[in-house]
Structure formats: structure tokens, C-alpha cells
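Protein sequences, first through last, are from chains A and B. For the first sequence, the positions run 1 to 511 when my numbering is used. For the second sequence, the positions run 512 to 827 when my numbering is used.
Treat the hints as calculated values from the structure; they're not laboratory data. Some hints could be false.
Here chain B is said to cover these stretches of chain A; the calculated rule only asks that three of the stretch's residues, wherever they fall, bring their Cβ under 8 Å from a Cβ of chain B [to be verified]:
#1 386–396
#2 435–443
#3 495–506
Label pairs and their computed distance ranges (CB to CB) [said to hold, decoys possible]:
#4 Lys826/B / Gly22/A: 53 to 59 Å
#5 Ile399/A / Ser519/B: 50 to 56 Å
#6 Glu756/B / Ala313/A: 55 to 61 Å
#7 Ser358/A / Ser517/B: 39 to 45 Å
#8 Leu15/A / Gln668/B: 23 to 29 Å
#9 Glu626/B / Thr421/A: 46 to 52 Å
#10 Ile399/A / Asp628/B: 30 to 36 Å
#11 Leu15/A / Ala692/B: 32 to 38 Å
#12 Gln8/A / Gly785/B: 53 to 59 Å
#13 His382/A / Ile557/B: 31 to 37 Å
#14 Ser517/B / Leu15/A: 31 to 37 Å
#15 Gly509/A / Ala692/B: 49 to 55 Å
Where a beta carbon is used, it is the ideal one built from N, C-alpha and C, also for glycine.
Spelled out, the chains give:
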Amino acid sequence: MKNKNKNQLLILISLLLILGVGVSVYKISVLGFSLSPDAKETVWTVEAAVTFVADGGPVEVSLNMPDNLNDLVVANIQEQAPGFDFKSVVKNGSSRGIWTAKSATGPHKIYMRADVYRQDVAGVRSAKGRENGPKISILTGSAKTLADSLIKDARKKGNDPVIVSKELLRLMNQPELNVSSSRLLEMKSEFGGSLGLAQVLLNQAGVTSQRVKGLFLNGEGKKRKIKGYLEIKKGDSWVMLDPAKATEIDSDSFLLWQVNNESMLEVIGGSKSKLSFSTVTTKILANQVAIDTGLNKDSLLIDFSIYSLPLQAQNSFKLLLLIPFGALIVVIMRNLVGVSTSGTFLPILIALTFLQTSLLAGLALFLLIVSVGLVLRSYLSHLNLLLVPRISAVLVFVIIIYLAISVISYKMGSDVGLLVTFFPMIIISWTIERMSILWEEEGPKEVFIQGGGTLLTASLIYLLLSNRFVGHLTYSFPELLLVVLAVILMIGSYTGYRLSELRRFEPLGRD
Amino acid sequence: MLRFISPSKLREHGIVGMNMRNVRHIAENNPRHLYPSVDDKLKTKILAEAAGIAVPRLLGVIRVQKHVKQMVPFLKDEPNFVVKPAKGSGGKGILVITGREGDGFVKPSGEVIDEHDLHRHASNTLSGLFSLGGNPDVAMIEEMVQFADVFEGFTYQGVPDLRIIVYKGFPIMSMARLSTANSDGKANLHQGAVGAGIDIGKGRALLAIQHGLPIEVHPDTKRPLSELVIPDWVECLRLASSCYEMTKLGYLGADIVLDANKGPLILELNARPGLAIQMANGYGLNPRVDLVDSVADQNLSVAERVDFSMREFGKL
Numbered sequence: 001m002k003n004k005n006k007n008q009l010l011i012l013i014s015l016l017l018i019l020g021v022g023v024s025v026y027k028i029s030v031l032g033f034s035l036s037p038d039a040k041e042t043v044w045t046v047e048a049a050v051t052f053v054a055d056g057g058p059v060e061v062s063l064n065m066p067d068n069l070n071d072l073v074v075a076n077i078q079e080q081a082p083g084f085d086f087k088s089v090v091k092n093g094s095s096r097g098i099w100t101a102k103s104a105t106g107p108h109k110i111y112m113r114a115d116v117y118r119q120d121v122a123g124v125r126s127a128k129g130r131e132n133g134p135k136i137s138i139l140t141g142s143a144k145t146l147a148d149s150l151i152k153d154a155r156k157k158g159n160d161p162v163i164v165s166k167e168l169l170r171l172m173n174q175p176e177l178n179v180s181s182s183r184l185l186e187m188k189s190e191f192g193g194s195l196g197l198a199q200v201l202l203n204q205a206g207v208t209s210q211r212v213k214g215l216f217l218n219g220e221g222k223k224r225k226i227k228g229y230l231e232i233k234k235g236d237s238w239v240m241l242d243p244a245k246a247t248e249i250d251s252d253s254f255l256l257w258q259v260n261n262e263s264m265l266e267v268i269g270g271s272k273s274k275l276s277f278s279t280v281t282t283k284i285l286a287n288q289v290a291i292d293t294g295l296n297k298d299s300l301l302i303d304f305s306i307y308s309l310p311l312q313a314q315n316s317f318k319l320l321l322l323i324p325f326g327a328l329i330v331v332i333m334r335n336l337v338g339v340s341t342s343g344t345f346l347p348i349l350i351a352l353t354f355l356q357t358s359l360l361a362g363l364a365l366f367l368l369i370v371s372v373g374l375v376l377r378s379y380l381s382h383l384n385l386l387l388v389p390r391i392s393a394v395l396v397f398v399i400i401i402y403l404a405i406s407v408i409s410y411k412m413g414s415d416v417g418l419l420v421t422f423f424p425m426i427i428i429s430w431t432i433e434r435m436s437i438l439w440e441e442e443g444p445k446e447v448f449i450q451g452g453g454t455l456l457t458a459s460l461i462y463l464l465l466s467n468r469f470v471g472h473l474t475y476s477f478p479e480l481l482l483v484v485l486a487v488i489l490m491i492g493s494y495t496g497y498r499l500s501e502l503r504r505f506e507p508l509g510r511d
Numbered sequence: 512m513l514r515f516i517s518p519s520k521l522r523e524h525g526i527v528g529m530n531m532r533n534v535r536h537i538a539e540n541n542p543r544h545l546y547p548s549v550d551d552k553l554k555t556k557i558l559a560e561a562a563g564i565a566v567p568r569l570l571g572v573i574r575v576q577k578h579v580k581q582m583v584p585f586l587k588d589e590p591n592f593v594v595k596p597a598k599g600s601g602g603k604g605i606l607v608i609t610g611r612e613g614d615g616f617v618k619p620s621g622e623v624i625d626e627h628d629l630h631r632h633a634s635n636t637l638s639g640l641f642s643l644g645g646n647p648d649v650a651m652i653e654e655m656v657q658f659a660d661v662f663e664g665f666t667y668q669g670v671p672d673l674r675i676i677v678y679k680g681f682p683i684m685s686m687a688r689l690s691t692a693n694s695d696g697k698a699n700l701h702q703g704a705v706g707a708g709i710d711i712g713k714g715r716a717l718l719a720i721q722h723g724l725p726i727e728v729h730p731d732t733k734r735p736l737s738e739l740v741i742p743d744w745v746e747c748l749r750l751a752s753s754c755y756e757m758t759k760l761g762y763l764g765a766d767i768v769l770d771a772n773k774g775p776l777i778l779e780l781n782a783r784p785g786l787a788i789q790m791a792n793g794y795g796l797n798p799r800v801d802l803v804d805s806v807a808d809q810n811l812s813v814a815e816r817v818d819f820s821m822r823e824f825g826k827l
């Protein structure tokens with residue numbers, strides 16, 4: 001029976017530890033939370049502006065939306081287009097924003113703004129529709145012969161798809177040096193321009209390619225140009241090439257907007273449409289990024305958590321989540337160290353007050369209130385009052401003391417005394433009552449021991465609660481509460497000696 | 512300089528710490544529902560009288576304010592008596608009347624109080640002035656113990672008593688609590704009373720401590736504490752041991768006083784006895800607890816348990 005209880009407790013403690021630590025580790029390694037309160041991440045706000053002149057009839061504007069590429073995450077898409085209805089649709093694996101209006105005339109400007117975060121975690125997001133691009137025509141006749149000779153030239157450098165592609169592009173960029181390429185370029189209109197031709201050639205050489213368009217996010221700029229690049233499939237990944245320079249491009253901060261033949265912008269019922277881009281770079285807290293992207297991705301762990309609460313409620317929880325850590329300190333101080341405190345949770349309440357008053361002012365005010373209170377309370381002792389009237393009388397004293405401290409301090413030109421109102425007066429009244437009884441029953445020594453223990457514990461709790469790192473941990477990883485609970489349960493079943501007992505029983509060790 | 516003892520050395524001595532007392536001894540042996548029978552002294556007394564355990568005689572109980580006025584006529588034949596709260600703690604609210612002086616009542620200090628003071632004391636007790644948490648209480652009136660003079664020279668001004676720890680019905684450790692000038696006549700160890708460990712085998716003092724430190728002689732009377740021998744020792748053990756059947760509490764502190772005429776009487780019981788008794792004895796409770804655990808399922812009688820304890824735990 002006793003063993004069964006013990007085993008149950010062990011299982012419970014292990015479960016809590018695994019759950020608490022596990023969720024934290026998951027949030028750090030997968031969701032991108034940071035242990036450091038100062039970790040910042042770059043956020044790019046990308047704005048696409050569509051300008052057009054409406055013809056006066058019904059208008060539909062359709063804009064391709066950016067995709068996730070590599071570790072860039074698109075979140076918080078907002079649009080601004082007065083007079084237009086907005087909807088987002090997903091068609092053939094690509095998402096589009098569509099603005100419609102029954103009728104519109106004159107020039108219009110539509111904005112679409114998105115925050116783009118970098119998620120520094122493994123697991124590359126595959127971009128949409130990357131495996132099934134449009135059909136690429138097969139070369140025949142003289143074009144095939146020309147292409148084969150060009151590919152043969154290109155293959156001289158090596159067989160790697162990237163090397164072949166780079167070489168092919170280089171040859172095509174210098175038609176004056178290569179007959180085949182100049183002859184082929186003459187036919188480029190049949191293949192949808194030179195890039196289309198390049199794709200056909202690459203296909204002929206056995207290289208899978210696709211055309212992508214997008215923006216580079218590094219560096220700031222008001223006017224950003226969307227540029228087209230060629231991507232070459234190499235193994236399981238894609239390598240981005242600049243077709244004009246035949247060089248590899250680092251796609252790290254490339255925001256992919258368009259793949260293959262998706263149309264970028266379609267305006268029906270308007271003319272002179274123009275699309276322009278601008279980006280702004282900002283740094284924000286890493287965890288905010290993780291929370292935002294998590295909410296965006298409907299991650300259950302984040303969706304059903306305090307981050308989904310209104311901001312005001314979140315702020316109250318920031319404080320509430322700290323209290324268990326205070327309780328842990330009380331448990332440690334009482335059951336492991338053996339410090340006696342007045343009441344179990346008084347140190348926590350006083351520490352919370354210190355958070356408002358600062359430590360030194362708080363300690364001074366507490367000592368002042370309690371000692372004046374004890375003096376006044378000792379007078380009540382002589383009157384042999386009943387309990388409830390007595391404690392009520394103490395409460396009145398306490399309020400008078402508050403008022404006196406505030407007024408005297410203010411008249412002396414200091415605002416410190418005004419902080420006294422942060423002390424919870426009902427609790428202070430009880431403390432004075434208890435201390436007073438302790439004084440009568442056990443003597444002043446016990447009052448100083450308990451009072452000192454209370455203030456020491458409260459100060460430690462204050463130092464912990466006011467620590468930025470602890471605040472960050474509790475708020476970003478509320479599951480750590482389970483770890484705190486596990487530790488409290490562990491201490492609850494601890495049967496070893498307290499530190500103070502090593503002192504108390506010391507005479508037994510003497511010979 | 513602060514001196515410490517290592518945990519391993521404490522374990523070697525078998526010392527029970529606060530955490531072990533609370534988690535193991537008390538939580539496992541004292542089910543919560545049994546507490547009221549010891550926390551309420553009136554219940555303890557009624558249980559004890561029913562079980563034939565010697566206690567100071569109960570003269571009456573003041574349960575409601577109406578009874579307060581009837582007190583003095585009720586007590587007209589009792590020259591001395593004690594008024595105490597049923598749920599008081601630490602000796603608070605105990606009023607001892609040793610005699611009469613005209614209409615007045617004489618306290619042990621010689622101070623004389625009148626009928627009014629007596630009424631107010633009883634009335635305050637009812638309203639919970641002395642009880643834990645200020646709960647309403649009742650006032651018990653019991654006969655005054657005529658203290659045996661065997662403690663002459665071992666106490667100063669106050670009431671000596673005997674604390675015996677009873678584990679699963681076996682008396683396993685004992686000490687005498689002797690008041691001093693420092694403790695203001697109280698038998699409370701942390702207020703400065705002397706605790707003298709008493710050998711379970713023979714009822715003789717082993718060693719003594721005051722304020723947690725060993726002493727040889729009583730600080731006020733200078734009488735060597737090693738001369739202390741408790742009379743009626745077997746009866747004391749028997750009395751303490753039989754409290755197990757009465758309360759079913761597996762870990763119990765029995766407080767015993769020695770009446771000059773009636774011998775040992777149970778004054779009160781404690782479900783959470785303190786640990787200072789180990790200091791007064793110079794060794795820990797744990798080995799004895801373990802030894803008792805090994806024979807606890809034999810359902811021994813009170814006499815057999817006392818025999819076992821005297822045999823196994825006697826040091827002298």
C-alpha cells in the first residue's frame with residue numbers, strides 16, 4: 001500500500017517531468033522558441049502595390065501570393081483596398097488574392113502586405129507545384145541537331161546537372177562564339193522566349209528545371225524589382241541560377257512569388273495595371289516570431305495556449321505564471337533549508353508587493369508597518385478583546401499607519417511612502433495579529449526568527465520573480481509549470497534532513 | 512562559528528528529521544480523522560475515562576455563556592481546580608486555582624482574582640480566545656493535580672511532566688520536561704525548560720539538555736539531573752502504551768503528570784510530538800521505530816508491549 005503510493009508518485013513525477021521538458025524542447029527545436037529573452041529575428045515586411053485604372057464596370061484584380069521557400073515563412077497577410085471585396089483562393093496549388101468590385105472608375109491602388117520570417121529550423125518547406133511544371137516541348141529536326149551539338153559542348157565541362165546547366169546558359173549568352181546557340185536563339189520565339197528555350201535545352205540534356213520569380217529580401221528598398229530565375233533540380237533540392245550571368249545564386253533570402261507560368265497579376269475591367277514592391281526590415285523577438293508563425297500554421301500547442309488569449313489576459317498570466325516559482329522557493333526554504341516563515345504564502349505575497357515597490361523600499365516599509373502595528377496591537381492585548389473585533393481593530397490601525405506613512409513621507413518630500421498602499425492590508429493585519437500572538441506565546445526571539453525567515457524568503461522570491469530570464473521562461477514555456485509541480489511533489493515526499501537540522505542536532509555528534 | 516553535523520552521521524544516530532516525521536511517521540500512522548480525539552482535550556478525557564485510563568477528574572464543562580454564571584455555585588465544594596480550553600495549544604488559557612481567600616480565588620503565584628475575572632476567563636475561552644484559529648471552544652473544569660514531590664529540586668516554580676513517545680503502542684522514548692526560571696515556569700523546551708531523557712528500562716535520567724545543549728545540573732537548583740528517577744515507572748509506560756488502543760494513533764506523544772495520591776495521570780495527548788526528545792536522549796528514534804515495526808503485527812497486549820520496550824530499549 002505504501003509502496004503503491006510511492007510508485008504512483010514516482011510515475012506521476014516522471015510523467016510531469018517528461019511532459020514539461022518534452023514540450024519545452026519541442027518548442028525550442030521545432031517551433032523556433034528561444035531560451036534567451038533577447039533573441040531577435042529579422043522580419044521583412046513586404047508590400048505589393050497594384051495600381052490600375054478601372055474602366056467603370058465590374059473589376060476583378062487577381063494577384064499571385066508569395067510562397068514559402070527554404071526557411072522563409074510568410075505570415076500575417078493583410079490587404080488594403082477600399083471599396084473592394086477580398087478573398088483568398090487556392091487554385092492548382094497556388095494561392096491567389098482576389099479583389100472584386102461591382103463597379104469602379106478611375107485610378108485605384110491596392111496594397112497587399114505580408115510579414116516574412118526566417119525560421120531557423122531544419123525541414124525545408126517544399127514550394128508548391130514544384131514537381132509538375134508545364135509540359136516542355138520535345139525538340140525535333142534541325143533544332144534537335146543544333147541542341148545536341150550544344151549539349152555535347154556543354155557536357156565537356158562535366159556531367160553534373162548544375163555544371164551542364166551553367167555551361168549551357170553561358171553558351172547561350174554568348175551566341176557570337178557558338179554557331180549552334182546563335183541558330184537556336186533565332187528560333188526562341190517558338191519556345192516562349194530565351195528562358196523557354198533554355199528550359200527546352202535543359203530538358204533535352206536530361207536536366208529538370210523550372211522558372212521562378214520573386215524578390216530578394218536582404219537590403220532595404222522602396223522600389224523593388226521582381227526578378228526571374230531558373231532553378232535546376234539537383235538530387236532532392238533545387239539550385240537557383242541567374243540565367244543572364246549563368247551563375248549560382250544564394251536563394252537564402254529569396255521570397256518566391258511565382259513558379260513557372262502562374263500569372264503574376266490579372267486585372268479584369270481595368271487598364272494600365274502596374275505591380276510594384278517594397279520591403280522593410282525589422283528585428284523582433286524570436287519568440288514572438290515563433291508564436292506568430294505557430295498561430296498562422298494552426299499549431300495546436302500554440303493555438304490552445306495563453307498566446308491565443310487577449311493581450312490584457314496574457315499580461316495577467318505573465319505574473320500569475322511566476323507565482324508557482326515563488327511557491328517552489330517557499331517549499332525549498334521551509335522543507336529543505338528549514339527556514340521558518342510566518343504563514344506558508346505570506347513570503348510570496350510580500351514578494352509580489354516588492355515587485356511594485358522595489359526591494360529596499362519594500363523591506364523598509366514592511367518593517368515599519370509591522371513594527372508600528374505590533375506596538376499598537378500590544379495595547380489591544382490588555383483589553384482582552386474577542387478575536388474578530390480584535391483583528392478588525394488591527395485592520396483599522398493598519399490603514400491609519402498606511403495613511404500616516406504616506407502623508408509624513410509626502411510632506412517630507414519623498415514619494416516612497418506612497419508605495420505603502422501596494423501592501424495588501426488584510427494580509428498585513430493578519431501578519432501583525434499572528435506575530436503579536438507569537439510574541440506573547442513564544443517571545444520576541446521567535447518573532448524575529450519567523451519575521452526574518454519571511455523577509456529572507458520574500459527577498460529571494462522577489463529576486464527570482466524580477467529576473468528577466470525567469471519571466472521570459474515562464475511566459476514562453478508555461479509547460480515548465482509541470483516541472484515546478486514535479487519538483488514540489490518530489491520535495492513533498494522527501495524524508496531527509498533539513499539544512500537547519502544539521503545545525504540543530506549538531507550536539508548529538510559531539511563526544 | 513556555526514558547527515554542523517553531516518547527514519550521514521545523523522542517519523548513523525538514527526535521528527528522525529522533521530521531513531521524515533511528517534512524511535513517514537505521522538502521515539503513515541496517524542490518519543487525519545483520528546486527530547480530533549487528541550486535539551480536543553474534552554474528547555480525549557471522555558475516551559480515556561471510558562477506557563479506564565487514569566486522567567485528572569473532570570468536574571464539569573462550560574459549553575455556553577449561560578453556564579458561566581453558574582460556575583461559582585457549582586464549584587463551591589472544590590477548593591482547587593483548573594479551567595482550561597478544550598482546544599487550546601501550548602498551555603494557553605489554562606487557569607489554575609489553588610485555593611480560596613474569602614470570595615476570591617488564589618492562583619499559584621499567590622495572586623487573588625475575583626468571581627468576575629473567573630467569569631471573564633471562561634467567557635473568553637468559549638469565544639475562542641485561546642483556541643487555534645479562534646474557533647469557538649468549551650471550557651473544561653478539572654481537578655487540580657497534587658504534584659508528587661519527587662521532582663523537588665528538578666524543577667523551578669512550574670509543573671513538571673513526562674513525555675513518552677508511543678509508536679504502534681510501544682513506548683519507545685521518553686523525557687521529563689522540567690521548568691526553569693528561564694522558561695518562566697513553563698515546561699516548554701524551546702522556551703528554556705530542561706529536557707531530561709529518561710531510560711525506558713528503568714525510568715532513570717540519561718542526560719539532559721537546555722536550549723538544545725547538554726547540561727549536567729538544573730540551572731536554578733543546581734541539583735544533578737542524573738539523580739532523577741521517575742517513580743511508578745512501569746505504570747507510566749503502561750498508561751502511555753494503553754493510549755494506543757484508545758486513540759488508534761500509531762505515532763503519539765503522551766504527556767503524563769505524577770499525582771501525589773493517584774500516581775501517573777494522562778494530562779494530554781499529542782498527534783505531532785516534537786523531535787527534541789532525541790536530543791534529550793542523545794540518540795534517534797529510527798532504530799526503535801524499525802524494531803517495533805518488526806514485531807508490530809504480533810498483536811501484543813499492553814503489558815507485553817511494555818515488557819518488550821523495557822527489555823529492548825533499556826540502556827542502563
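Okay, the hints, checked on the actual structure:
no.	hint	verdict
1	386–396	holds (count 3)
2	435–443	holds (count 3)
3	495–506	holds (count 10)
4	Lys826/B / Gly22/A: 53 to 59 Å	holds, 55 Å
5	Ile399/A / Ser519/B: 50 to 56 Å	holds, 53 Å
6	Glu756/B / Ala313/A: 55 to 61 Å	holds, 57 Å
7	Ser358/A / Ser517/B: 39 to 45 Å	holds, 40 Å
8	Leu15/A / Gln668/B: 23 to 29 Å	violated, 58 Å
9	Glu626/B / Thr421/A: 46 to 52 Å	holds, 48 Å
10	Ile399/A / Asp628/B: 30 to 36 Å	holds, 33 Å
11	Leu15/A / Ala692/B: 32 to 38 Å	violated, 57 Å
12	Gln8/A / Gly785/B: 53 to 59 Å	violated, 30 Å
13	His382/A / Ile557/B: 31 to 37 Å	holds, 36 Å
14	Ser517/B / Leu15/A: 31 to 37 Å	holds, 34 Å
15	Gly509/A / Ala692/B: 49 to 55 Å	violated, 30 Å
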